[in-house]
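A.B. asks: Since the structure of chain A is provided, determine the placement of chain B on it from the hints.
These are the residues of each chain, in order.
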Amino acid sequence: MSSIGAHLNVIFMRRHWWKALTVIILAYVFVAGLMRPVPKLPILHEAIRNTFFHPPLWIAMMVMLLLSTIFSIRYLRKGNNDDDVIAYEFVCTAILFGVLGCITGSVWAYFAWGDLWPNDPKTNGVAVGMLLYLAYFVLRGSFDDDMRRARISAVYNIFAFAVFIPLILILPRLTDSLHPGNGGNPGFNQYDSDASIKSIIRPAFVGFTLLGLWITQLRVRLRRVEIHFDELEETTKPVLDKETN
Amino acid sequence: MDSLMEALRSDGKLWVVIVVIMIVLLGWLYYLLKIGGRINKVRKKNGL
Chain A
1 MSSIGAHLNV
11 IFMRRHWWKA
21 LTVIILAYVF
31 VAGLMRPVPK
41 LPILHEAIRN
51 TFFHPPLWIA
61 MMVMLLLSTI
71 FSIRYLRKGN
81 NDDDVIAYEF
91 VCTAILFGVL
101 GCITGSVWAY
111 FAWGDLWPND
121 PKTNGVAVGM
131 LLYLAYFVLR
141 GSFDDDMRRA
151 RISAVYNIFA
161 FAVFIPLILI
171 LPRLTDSLHP
181 GNGGNPGFNQ
191 YDSDASIKSI
201 IRPAFVGFTL
211 LGLWITQLRV
221 RLRRVEIHFD
231 ELEETTKPVL
241 DKETN
Chain B
1 MDSLMEALRS
11 DGKLWVVIVV
21 IMIVLLGWLY
31 YLLKIGGRIN
41 KVRKKNGL
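Order-wise, the sequence lines are chains A and B. Take the first sequence: its letter number 109 is residue 109 in the UniProt record's numbering, and every next letter is one higher. Take the second sequence: its letter number 31 is residue 31 in the UniProt record's numbering, and every next letter is one higher.
Bound conformation, chain B alone:
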């Protein structure tokens, strides 16, 4: 864990990559949750 912390501090910008990965994953998650919301809407509307 210490070595990871050290790497994040000293390597220059590895955490920028972590931020980019988080943005990508959160974007996909948001989109999939939106699809889930639409499915729930269809189910409610049609009493399924």
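Isolated chain A (complex conformation):
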């Protein structure tokens, strides 16, 4: 009996090891992010610790959007409805991370730059990018036919990603920007090539992204259950109607 239990444990860990890894990484990031010594910089002071929580949200968002685009391309190539479901759920999770990125960025900007929404190409680019993806939801909601909705929103999703990346990664680097590493500003690494920042921010990128994957997996599984019950209802409805007549 105990060997069966051990066997089940092995199977469980084989499938879910990355979830355990997510929890460990996030615990490390939140504890170390608050307690480990950080470089002392003017204006920022201790708020430099936001580096461990604000940029990883954007990295996770971009990974989610990239994966969503890949599944949209896959849907267009293979026509499998499940790929459309996965692409949609990735966008939903990406928007969650994006909204949190906007709010945390606003709070940080208020105390570092003196404005909740400074006139900065990166913040403005993000606002436009988020609107692009909100339009994706509106577009999806405007179709009754499942096939048409999936096909057209997949095309739009690919287009949105192709516009979003230049808006937040390329254009801010071409003009003056408040964000480090943009518009001729030096990145944090030039000040702090010590390991104190890197040893937390890199695991944070991985941990936040893994959490995004985990949340998306939950949403996709739930959506599949909803679709299954909807289909079941549709197939049993005519039978029930006949019986009542």
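These are calculated hints, taken from the structure and not from any lab test. Computed from a prediction, not measured in an experiment: that's the story for all the values here. In this text, a Cβ means the ideal position worked out from N, Cα and C, and glycines have one as well. Each hint can be trusted.
Covered, in the sense of this in silico footprint (three residues per stretch, anywhere, with C-beta under 8 angstroms from a C-beta of chain B), are these stretches of chain A:
id, stretch
1, 47-61
2, 96-107
3, 222-228
C.D. replies: Same frame as chain A, but now just chain B:
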């Protein structure tokens, strides 16, 4: 506890980090609770 209070006052902006962390955690919690709500809806609808 006193030293923590002192640090929060004097270090400059550590509490901004606390606010940011709270926003992130509350955002994730809200999203997970929303998933829970959807599961309850499916269960009720299908009499599970």
